[in-house]
Amino acid sequence: DAKTTQPNSMESNEEEPVHLPCNHSTISGTDYIHWYRQLPSQGPEYVIHGLTSNVNNRMASLAIAEDRKSSTLILHRATLRDAAVYYCILSHNAGNNRKLIWGLGTSLAVNP
Amino acid sequence: NAGVTQTPKFQVLKTGQSMTLQCAQDMNHEYMSWYRQDPGMGLRLIHYSVGAGITDQGEVPNGYNVSRSTTEDFPLRLLSAAPSQTSVYFCASSSKQGAGYGYTFGSGTRLTVV
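Residue numbers (this note's numbering), protein chains in the order written: chain A, 286 to 397; chain B, -10 to 103.
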């Protein structure tokens, strides 16, 4: 199975953009790229996902490299509430199930 | 609010005891699953269900049973608790089974087995 590699931690200032990188050099053609975040003592929260094209939603943007071997989650204006662990995950269908490979994520600190 | 509800939030069990972790969703989602999260490891899939009456094993199913008699509920049963089952358990649901759909997670059950 393909795996993802993320920095252990990153730091940002409030109201500045944040770019969270993810390497997935062994991604297969059927793998979707998902991002979730997890606040302390809470369950993971869906942020965004994509397959080949860049994606935008109210929470963030996802930029996917042309060769799909890396992607970047973009938070346009960080707030203190964005401090969390961010997971980059590859997901593909496996029979009647889907397989998600979770890594250890990036712990994002946001400074006031 | 609509979402995934897990109970209890915390539980301490003695080795050998059994218990059921409850999970309910009110979004009419087809797909439901149980994960465990341990320090230094990513989330690992225990069991999943693609619809009422259909369940299957994930990566780490040993020591756990599930059933899905309704679309809304997906309980996880620990048959005979062991210290290795000390973990945080998350229930997640998705509108469809496919890899292109996102999950909604519950807030988790923190289980300690002594």
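Please note that a few of the clues may not be correct.
Covered, in the sense of this in silico footprint (three residues per stretch, anywhere, with C-beta under 8 Å from a C-beta of chain B), are these stretches of chain A [what the hints assert, rightly or not]:
id : stretch
1  : 353 to 360
2  : 367 to 378
Simulated restraints, written as ranges between beta carbons of each label pair [claimed, not checked]:
id : chain 1 : residue 1 : chain 2 : residue 2 : range
3  : B       : Thr75     : A       : Ala379    : 38 to 46 Å
4  : B       : Gly40     : A       : Ser313    : 23 to 31 Å
5  : A       : Glu330    : B       : Gly40     : 18 to 26 Å
6  : A       : Met295    : B       : Ser69     : 41 to 49 Å
If you are wondering where the hints come from, they were derived from the structure by calculation, not from laboratory data. Glycine residues also receive a C-beta, built at the ideal position from the N, C-alpha and C atoms.
To see whether the hints hold, each was checked on the structure:
Counting residues of the stretch 353 to 360 of chain A whose CB lies closer than 8 Å to any CB of chain B gives 0, which falls below the minimum of 3, so the coverage claim is violated. Given as covered by chain B, the stretch 367 to 378 of chain A passes the check, having 4 residues with a CB less than 8 Å from a CB of that chain where 3 are the minimum. The hinted window of 38 to 46 Å between Thr75/B and Ala379/A is violated, with their beta carbons roughly 28 Å apart. Take Gly40/B and Ser313/A: their Cβ atoms lie about 27 Å apart, and the range 23 to 31 Å holds.
For the hinted restraint 18 to 26 Å between Glu330/A and Gly40/B, the CB-CB distance of approximately 25 Å keeps it satisfied. Met295/A and Ser69/B have their C-beta atoms about 42 Å apart, which keeps the hinted 41 to 49 Å range intact.
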